[in-house]
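Chains as they are written, first to last, in my numbering: chain A, 1 to 287; chain B, 1 to 119.
Honestly, the hints are just simulated from the structure, not real lab data. Every value quoted in this text rests on a predicted model; they were computed, and no experiment measured them. Check the hints yourself; a few may be wrong.
Claimed, not checked - Restricting the straight-line Cα-Cα distance to at most 20 Å, the calculated cross-link-like pairs of lysine to aspartate or glutamate (EDC-like) are:
| no. | chain 1 | residue 1 | chain 2 | residue 2 |
| --- | --- | --- | --- | --- |
| 1 | B | K50 | A | D67 |
| 2 | B | K3 | A | D67 |
| 3 | B | K50 | B | E26 |
| 4 | B | K50 | B | E37 |
| 5 | A | K261 | A | E225 |
| 6 | A | K182 | A | E49 |
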Amino acid sequence: MATVAAVIASTHHPFYYRASTSTGGDRPPFADEWVAKIEAFRATLTRAEPDVLLMVGSDHFHQLWLDNMPQFLVGKAPFFDANWYNEEREFGLPRLRLAGDESLAAFILRSGLDAGFDLAFSNELRIDHSVTCPIITLRPQADLPIVPVYTNIFAPPMPQPSRFVALGRALRSMVEAWPSDKRVAIIGTGHLSLELGGPRQFGPHGPDPEFDRKAVSWIANGDLEGCLAEVTLDSLHAPGNATHGFMDFMLMMGVAGDGVKADYVDSLDLFHTMEAYFTWYPSGGPS
Amino acid sequence: MSKYLLDKFLYTVDRDPVLVEQYRSEPAHTVDWWEREMANMLLNSHVGEKSTWLSFSEEERRALVEQDHVALFELGAHPFLTLTLFIAMFERDHGPLEYQIAYARAMDHLHLPYPDIAT
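Please model the entire structure based on the sequences and the hints provided.
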């Protein structure tokens, strides 16, 4: 059976690429510290020696739209082109092409449907920065096949937070049951407190530092009980109007397991939002 | 109220570089043309399969023509769509982050709960 080589949860900040590649007067003062943290975080994936990346993210109204909106979708295709015109325009993100692992995608679709998750699928998915940001930060050579799993954290009505956790647990079980000798890293990205298009956007910190502090503690300690006791679809409006992206962190807590502390935790307080990085090694950690 | 149609306008304009420039320079013309020709288009089909029932309210049309991001927020347009398109149109006229911060300050009178964005 396949091995879960690493479980990684991260924010996906679309400004990282531009900040990290800019030079001279264009380079923001926080860039060097940010790059150092990302390089340390990247090493946690490199050490796990993955063969395949199962990547959880969320389409930002690129390919998935209100005329036909899935809640959870698995990409099954031999290739995924990546990044969109408006991401090049606003964030300077490069276009990418990633290989897909159709065997793992087919296995997740079949076992997910059989486990009670009515997963949608796409055979031609142009992925966006929720998946490409962690490629850029964690695997910039973009040399591993992926299976993208998109969640709806964007267009209400959305699934309950507990459903994200349940899907995370199921994904972990499915990967462990995949008849393959591959090493799979499960990587998911979301947000801590975040406001986009509202009065609290682009402040000196994330819109709710207290929520961010609690969120980092929940994730680092695998405290699903504490997290689920406080977080609801309604409560997530309070820390910022885009904070439902935190549910992808909750999904990743489900992947990592109840009460399982992260083996690696880091964060960076930036303007606009807090960055946070977590890695678990379910198999006991690389040598 | 047609939050869906507001969102459809913002979505279809934001993803098309020609329409972004057209909406920036000729908002009234763009909104008028879009409502006549595009509002009822199914996005993955041809003109023969157009819908028959979509149109803006007066208030929605005015908010789009006047490029009034505060009114769009109050009408329940998806804030991410509005922000992304308006950054594309207006950030270029300002210093780094100046536009994004001014965009927020224009909304300082708004408090939770924000308008419902469910379509």
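Going through the hints against the structure:
Distance restraint check for K50 (chain B) and D67 (chain A): the Cα-Cα separation of roughly 13 Å lies within the 20 Å cut-off, and the hinted pair is therefore satisfied. Note on K3 (chain B) and D67 (chain A): the hinted pairing holds, with a Cα-Cα distance of about 13 Å set against a maximum of 20 Å. This hinted pair does not check out: K50 (chain B) and E26 (chain B) have alpha carbons roughly 25 Å apart, beyond 20 Å. Between K50 (chain B) and E37 (chain B), the direct Cα distance comes to roughly 10 Å. Compliance with the 20 Å bound is thereby established for this hinted pair.
The suggested pairing of K261 (chain A) with E225 (chain A) holds, with an alpha-carbon distance near 13 Å, which does not exceed 20 Å. Between the alpha carbons of K182 (chain A) and E49 (chain A) the distance comes to roughly 10 Å, so the proposed pair stays at or under 20 Å and holds.
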